[in-house]
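Engineer: Listed here are the chains, written in short residue letters.
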Amino acid sequence: MLVSWNWLRDYVPLDVTPTEFADRLMMAGLNHESTEPYGADFVVDLEVTSNRPDCLGHLGIAREAALLFQQPLRVPQPELSEQGEAASTAVRVDIEAPDLCRQYSARLIRGVRIGPSPAWLAVRLQSLGIALINNVVDATNYVLMECGQPLHAFDYSALAGGRIVVRRARTGERLTAIDHKVYELDPTMCVIADAERPVALAGVMGGAESEVQTTTRDLLIEAAEFSPLSVRATARKLKLHSPSSYRFERGIDAAGIDWASRRCCELILRSGGGQLAPGQVFAGSAPSERPPVTLRLSQLPRILGIDVPVERVQQILEGLGCVELRRGPGSISVAAPSWRRDLIREIDLVEEVARVHGYDKIPEDTRVPMVASHRSESDRVHATVRATLAAAGLDEALTLSMVSERSAECFSPWTDAAPLAADTPILEGADRLRRSLIPSLIAARQSNESKQNPDAALFEVAKIYLRQPAGLPREQWTIGLVVGGDYFQAKGLVTALLRALHVASTPAEQSVSMPLLDISRSIALVLEGEPLAFIGELSALGMRQSELRARASIAEINLELLVRHARLIPQHAPLSNFPVVTRDLNLVVDESVRWTDLETTVRSTVGPLLESLEFREVYRDPAKDGADKKRLLFTLTLRASDRTLTNEEADNVRVAVVAAAHSQLSAKLLEG
Amino acid sequence: MPLSDFITALDELATQALAAFQATADKSALETARVEFLGAKNGRLKLTQQRMTAVDPADRPAAGQKLNQVKSTIQAAFEAASQRLESAALVQHRDPQFDPTLPGIVPKRGHLHPITQTIAELTDIMGRLGFTVADGPEIEDEWHNFDALNIPLDHPARDPLDNFYLATAGRTAGDGPLLLRSQTSTVQIRVMERQPPPVRIIALGRVYRPDQVDETHYPMFHQMEGLLIDQGITMADLKSVLRLFASSYLGTAVHIRFRPSFFPFTEPSVEVDMHWQDRWIEMGGAGMVDPRVLEAVGYDPEQVTGFAFGLGIERLCGRRHGITDIRNFHYNDVRFLHQF
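In order, the protein sequence lines correspond to chains A and B.
The opening residue of the first sequence carries number 1 in this note's numbering; numbering runs sequentially from there.
The opening residue of the second sequence carries number 1001 in this note's numbering; numbering runs sequentially from there.
Please note that a few of the clues may not be correct.
[Claimed, not checked] Computed spacing ranges between beta-carbons, pair by pair:
| no. | chain 1 | residue 1 | chain 2 | residue 2 | range |
| --- | --- | --- | --- | --- | --- |
| 1 | A | T17 | B | H1255 | 43 to 53 Å |
| 2 | B | H1155 | A | P363 | 31 to 41 Å |
| 3 | A | Q213 | B | H1321 | 43 to 53 Å |
| 4 | B | L1085 | A | S576 | 18 to 28 Å |
| 5 | B | Q1083 | A | G492 | 46 to 56 Å |
| 6 | B | H1255 | A | Q70 | 42 to 52 Å |
[Unchecked claim] Not everything, but these chain B residues come out facing chain A in the computed CB check (under 8 Å):
| no. | residue |
| --- | --- |
| 7 | A1058 |
| 8 | A1062 |
| 9 | L1090 |
| 10 | L1161 |
| 11 | M1220 |
| 12 | F1221 |
| 13 | W1276 |
The hints are simulated quantities; they were obtained by calculation from the structure and are not laboratory data.
Predicted model, so just to flag it, every value in this text is computed and none were measured.
Glycine included, each C-beta is placed from N, C-alpha and C at the ideal position.
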């Protein structure tokens, strides 16, 4: 809201500088954007919050200033003389859409002379950056900037039948607005029509055919109350935002329409002559009286934490325009002014008292009681995951929750259900809620490659969104990571996370088939029957689709499952002080035998003596071992908790392992 | 042989042995000297000892005493020489070929995103002030994102063009519209719906608004929301908690200023500034929880009061680290990430 300093002081005497004025208003709720000199005047730009449309006119600002600076407020009273036949003989107003227009007032001025505005008025509008049109349109704009009520002047001769019909637009109707563009109308929009056709978009913009021109002689002055929601929807749909629509959207002073209409006529008559027809033509209903609001004084300390003297409370409420109806012991009942539709409840009055009295009176050193807070398990696991991956050299990425359709389709390990979509894309084309973090992370690695940051190792901790049959979608906290190098790089990171979180059970490993991943070099980890992670090296197709140059591998982990299985308070187990004995083995097995098969056999055979089982190498020698055979080399580390193991015991373990591997996996020991 | 001759021989032997051990320059010379004087078979001490049989029997105790004395003297001299040579071996000589100014082997360390780091710090501070983290869904219904927060149907914030509503295609008919939450205040509602007062929580996370991307706008950003509901909570408590928070965050005592503002879910509503380095800096929005919000979750506004506040993480993080273009947070350029 641009405020002319000179204009403002028509209504309130202020002996402060514009800077002091702006500072005080800021602390009462009108943020100061800027102050610019304009000739001998200053133009102060104030930010008005959406609950305060009463401050969208100079009078409203003056009322605030009068209260804050303890000065009297002078509201001009329009002086009109009426002549000729009553307006109602020439004008008829019907509201056919009462939900979109509560009241409509029309006044008629006959024989006006269209010309330039007087200089005093012109300079005020110009200081606010409002273009001068002619004395009539300028007068409507002046009153708009004075009291916040939008007005419209029609060329009466262009209104068929002298009629005003407030109704919904009919399908297919069009209107050429005063910007000379043609707008397609639809039945959600409220129009002002004459007996035949729409002549204005209610509260948004007038029509070109009925606009005031130099030849105009008779005027119909509209002052009305249109529904905020309808004006907003129409302005938005047609991309037609105006100072009028801005004010209707926020709500105008329903009891101030008549004042605005008379004030506008007064200015027109003064500059353009003519005769005001007696009376107004009014349709709709005048605003009903609002119920009184009672403020219990005890609520002030209860909400604000300070006492405000009752005299100060009265002074503030009165200054706002409230009329005191009743004073009880410890309470005040008031009728709120019509321009403050936001004052309905007790808490509204509490806020008004606080804001005018000053928030600086509220102390900042109360003793807020101390309570215990705790970090949730989930929070702790998230922190451990981040610390572990960062320690492993991965950088944390932040990618958008929505992706393009192509990106959404390229990888979805957790669900086959289609991704959820938003009506509006978050960025160009990205309207699918992601079901995996991997496509975003691969894109981030690719964008680093293209910026000559080779080998970006990235991870992200975020939610993925999974469609549910009913209710809210499932949001699954997920870890995604992408690293350079082969499958084992990614797999090792998953193992590191399981160890960092002391997950006790060992996940089962299952083959997967996903086009993004190499069909051999990929796996799913399943923890106690639930999918925990998907790990893989990108396939040739995946590399091409992702436009990656260097080999890359990915892993995606269900973080919520990890939270459930994490042991955040690990328990101590006594350490054995007896020495370890190691035994190396080299077994020949079929290609189809997997490491996990062998590991299971070894672990169940050795039992508690096994301190660790370390894979060394896989080696193939078809000449010696035959086709489809491989050698698995590994080391057993054995230790007992109660004694030193003898070589003989260790040898027995080794023999038992060989026998079990032979019987279960047809493995043959390779000596030497 | 007179006793005096034997003693003279022993003294001479001791003198010579001491000189020999002191003169040794390396381990092999020491060994040679040891064999000469202390050798078990033909060492000179052994040979001298054998001559004791020639001493008059009456003088033998005195001779034996002297022998033992000399023996331990020589032994001590040997050990001293031995230790001297061992220490000498530890004396260091600078290697002209080794350049200690060459760089060390730096382990590769990853970097947490600055937004995460900021969130961790804020969570930590609020934790010390007794606020526990609460989590809630990012995809919300209109009740939690709007209605319960006193944002009525005709409020501009509900305009479909200002929100990410989910497409209805493929969703069960009868379920209300869903949207990506436009503020973390939704979590307040969910927490209050499932627990009676007192409530003392913060909620952090992603929020979504369809803004045109520029230096200060991005359609996805992060907020922190705080909520305290109990009997007797006032705006003075709000100011005090925010002062403690700001002082902890900046590491120095700061003052807090409230400017009146408007939010549907709080009343009174204020903008919060903190005074730092002679300037007022915007912190975020705050206020006393609107009685309608308390009623919406089944609390009695005559029994309890409370405050809520919200901060933009990107803005706090950006100001702290000198990041003036919000888009940097989203490029995932590792050169950017490595700066934090």
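Engineer: Each hint: holds or not?
Structural biologist: Taking the hints in turn, this is what the structure says about them:
Between A:T17 and B:H1255 the C-beta distance comes to about 25 Å, which lies outside the given range of 43 to 53 Å. Hint check: B:H1155 to A:P363, Cβ distance near 33 Å, so the stated range 31 to 41 Å holds. Taken as a hint, the range 43 to 53 Å is violated for the pair A:Q213 and B:H1321, whose Cβ atoms sit roughly 59 Å apart. Checked against the given bound of 18 to 28 Å, the beta carbons of B:L1085 and A:S576, roughly 43 Å apart, lie outside it.
A C-beta distance of roughly 51 Å is found between B:Q1083 and A:G492, which places it inside the suggested range of 46 to 56 Å. A beta carbon spacing of about 27 Å between B:H1255 and A:Q70 contradicts the range 42 to 52 Å that was offered as a hint. Look at B:A1058: its Cβ only gets to about 61 Å from chain A, farther than 8 Å, so that hint breaks. Hint status for B:A1062 relative to chain A: violated, with the closest Cβ pair at about 56 Å, above 8 Å.
Because the beta carbon of B:L1090 sits about 32 Å from the nearest beta carbon in chain A, more than 8 Å, this interface hint is broken. Residue-level restraint check for B:L1161 holds (minimum Cβ-Cβ distance to chain A is 7 Å; threshold 8 Å). Given hint, B:M1220 at the interface with chain A, holds; its Cβ is 6 Å from that chain's nearest Cβ, closer than 8 Å. For the restraint placing B:F1221 at the interface with chain A, the shortest Cβ-Cβ distance is roughly 10 Å, beyond the 8 Å limit, so the hint is violated.
Violation of the interface hint for B:W1276 is found here, the shortest Cβ-Cβ separation to chain A being roughly 14 Å, above the 8 Å cut-off.
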